[in-house]
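There are 2 protein chains.
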Amino acid sequence: MNCDRTSKYLKISREIISQIESGALQPGHKIYSENELINEFNISNTTARKILSYVENEGWAKKIKGKGTFVINRSKEMHLNRILGSFDAMKESFRDNLIKEGLTPKDILLEKIILNDGISINVNNKNHVIEGKVLKLHRLRYANDVLMKDETRYISMAVCPDIHLIETDDSLIHLYEKKYRIRLSDIQRKISTKVVHPKEEGNFFDNTTPMAVFVLSGVALGDRSETIEIEHSLYRGDKYSFTINTKPDLC
Amino acid sequence: MNCDRTSKYLKISREIISQIESGALQPGHKIYSENELINEFNISNTTARKILSYVENEGWAKKIKGKGTFVINRSKEMHLNRILGSFDAMKESFRDNLIKEGLTPKDILLEKIILNDGISINVNNKNHVIEGKVLKLHRLRYANDVLMKDETRYISMAVCPDIHLIETDDSLIHLYEKKYRIRLSDIQRKISTKVVHPKEEGNFFDNTTPMAVFVLSGVALGDRSETIEIEHSLYRGDKYSFTINTKPDLC
Chain A
1047 MNCDRTSKYL KISREIISQI ESGALQPGHK IYSENELINE FNISNTTARK ILSYVENEGW
1107 AKKIKGKGTF VINRSKEMHL NRILGSFDAM KESFRDNLIK EGLTPKDILL EKIILNDGIS
1167 INVNNKNHVI EGKVLKLHRL RYANDVLMKD ETRYISMAVC PDIHLIETDD SLIHLYEKKY
1227 RIRLSDIQRK ISTKVVHPKE EGNFFDNTTP MAVFVLSGVA LGDRSETIEI EHSLYRGDKY
1287 SFTINTKPDL C
Chain B
1047 MNCDRTSKYL KISREIISQI ESGALQPGHK IYSENELINE FNISNTTARK ILSYVENEGW
1107 AKKIKGKGTF VINRSKEMHL NRILGSFDAM KESFRDNLIK EGLTPKDILL EKIILNDGIS
1167 INVNNKNHVI EGKVLKLHRL RYANDVLMKD ETRYISMAVC PDIHLIETDD SLIHLYEKKY
1227 RIRLSDIQRK ISTKVVHPKE EGNFFDNTTP MAVFVLSGVA LGDRSETIEI EHSLYRGDKY
1287 SFTINTKPDL C
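Keeping their order, the protein sequence lines are chains A and B. Read in order, the letters of the first sequence correspond to residues 1047 to 1297 in my numbering. Read in order, the letters of the second sequence correspond to residues 1047 to 1297 in my numbering.
Please keep in mind that the hints were generated in silico from the structure rather than gathered at the bench. Careful: at least some of the hints might be erroneous.
Stated by the list, open to error - Calculated pairs, EDC-like style, for lysine to aspartate or glutamate (alpha carbon to alpha carbon, straight line, at most 20 angstroms):
1) K1057(A) / E1067(A)
2) K1225(B) / D1269(B)
3) K1172(B) / E1067(A)
4) K1293(B) / E1138(A)
Stated by the list, open to error - Reference excerpt, derived from the structure (chain B facing chain A, CB under 8 angstroms, subset only):
5) G1069
6) Q1072
7) I1084
8) N1085
9) L1130
10) F1140
11) N1143
12) S1231
13) I1233
14) Q1234
15) R1235
16) T1239
17) S1287
18) I1290
19) K1293
Beta carbons: idealized from backbone N, C-alpha and C, even for Gly.
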């Protein structure tokens, strides 16, 4: 009986690990909760807890208090893949994604200023404008001390008054939704690519040879089509890829 | 009366042109048909035809027989933007897109061979495999004599028998759907970026300085999850951008 239970917990643990190895469960994704394990495999909560500990202790996942257990990025090259086109995925915080993947985020704030005369950007051949005061936030975003993203965001202070007084460590998108009660209706991103050269002016990456970067520019619109945020960021091309899954429209 | 009609046709023509200039109507997009103009503006078919001719003669659009009138790409730098994430847009043919934008497509077939032992690719951390015979098609795809895309596609000959005997000038996706009656259920694309150096082996672009290219790899799956096609292509980074529009899931 005891022997049976042991092998069951090991069997299930190894099944989960093999799902991670095959890529069916990806870095940053949540693995089963205790309750899901209990229901799915008809096991006790002790066994469920043992399974989650086993997978974590073997270095495949990380438990984050109150959030769940997440698959860790074990690739030594720290290659990150991000999904585009899914509204929920687009809303995920850069920082939370790294934590869920077992990486250590760090931000350096380069600039936080208020621009008085608005700003505009062209995405998808359309001009998007934020009028009036705009908070400009320029941050260098690191994972395990490697600069992953050179991020500049411009936030409408008409839509988000006093946002310059708030600590912006957390997800800005969550801030818009929770503090300012804004319903995002549309997130548009344009991806270009360019070469950044070592020691080029304005290049914060530490590349020693010419490196390709992704240039993401985009807008987030509210439900009255107002422009809430304009973003212009560089992602290092040797660490990032983006995935788009397209299925026929069923609606 | 006559004067009124003249100003009406000019007014509507200019309205359409200003929509093109503002980007609301984009290169490759269809502008109003004669019938749409008649219904929308309550005008005669003579006036509608005059409007379409005016917009075309001013160099903003091009009539393609039996298909409609399409907005031309007037940018001298020939910058092309492609939309990702929309199933219909993903299915559009590379060649047709260029023609609709007023550009001249040309293909050079570098390789057309049958591989006997299948092929596999990793997209979105999942391995996709085509077993058995595979048609490899390596084409250089030009617009106005500029190499835009270095395209390699691998097609399952179990799913598409005798495809090597068919002229593949037309859209492959249309070929799968029309000749082979395959229903595509999922198109997955991964976008990476890298630098290609002048005269590097296997670099067919004519760049004289290091250039960033988009690397698109992807799979097209049928409705029984069978892998129909694997693609691995380079898009020149100085001419292309990709756009993704994300709205909340309403289904």
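Hint-by-hint comparison with the structure:
For the hint pairing K1057(A) with E1067(A), the CA-to-CA distance comes to about 15 angstroms; that is within 20 angstroms, so the pair holds. Simply put, K1225(B) and D1269(B) have alpha-carbon atoms about 16 angstroms apart, close enough for the 20 angstroms limit, and the pair holds. Restraint check for K1172(B) and E1067(A): the C-alpha separation of about 10 angstroms stays at or below 20 angstroms, so the hint holds. Restraint check for K1293(B) and E1138(A): satisfied, since their Cα atoms lie roughly 14 angstroms apart, inside the 20 angstroms limit.
Restraint check, G1069(B) versus chain A: the minimum CB separation of about 3 angstroms is within 8 angstroms; hint holds. At a threshold of 8 angstroms, the smallest CB-CB gap from Q1072(B) to chain A is about 5 angstroms, leaving the interface hint in force. With a cut of 8 angstroms, the hint placing I1084(B) at the interface with chain A is violated, because the nearest CB-to-CB distance is about 28 angstroms. At about 26 angstroms, the closest approach between the beta carbon of N1085(B) and any beta carbon in chain A exceeds 8 angstroms, and the interface hint on this residue is violated.
Given hint, L1130(B) at the interface with chain A, holds; its Cβ is 5 angstroms from that chain's nearest Cβ, closer than 8 angstroms. The restraint placing F1140(B) at the interface with chain A is violated, with a minimum CB-CB distance near 16 angstroms, outside the 8 angstroms limit. For the restraint placing N1143(B) at the interface with chain A, the shortest Cβ-Cβ distance is roughly 15 angstroms, beyond the 8 angstroms limit, so the hint is violated. The beta carbon of S1231(B) is positioned within 8 angstroms of a beta carbon in chain A (closest approach about 7 angstroms), and the interface hint is therefore held.
Look at I1233(B): its Cβ gets to within about 5 angstroms of chain A, closer than 8 angstroms, so that hint holds up. Among the interface hints, the one on Q1234(B) holds; its C-beta lies about 5 angstroms from the nearest C-beta in chain A, closer than the 8 angstroms criterion. With its C-beta approaching chain A no nearer than about 5 angstroms, R1235(B) sits inside the 8 angstroms limit, and its interface hint holds. Proximity of T1239(B) to chain A holds as hinted, the smallest CB-CB distance being about 4 angstroms (cut-off 8 angstroms).
Contact between S1287(B) and chain A, as hinted, is supported at the beta carbon level, the nearest pair being about 4 angstroms apart and thus within 8 angstroms. A hinted interface residue such as I1290(B) counts as satisfied when its beta carbon comes closer than 8 angstroms to some beta carbon of chain A; here the least separation is about 5 angstroms, so the hint holds. Interface restraint check: K1293(B) against chain A, minimum CB-CB distance 5 angstroms, threshold 8 angstroms, status holds.
Violated hints for the displayed structure, listed by number in ascending order: 7, 8, 10, 11.
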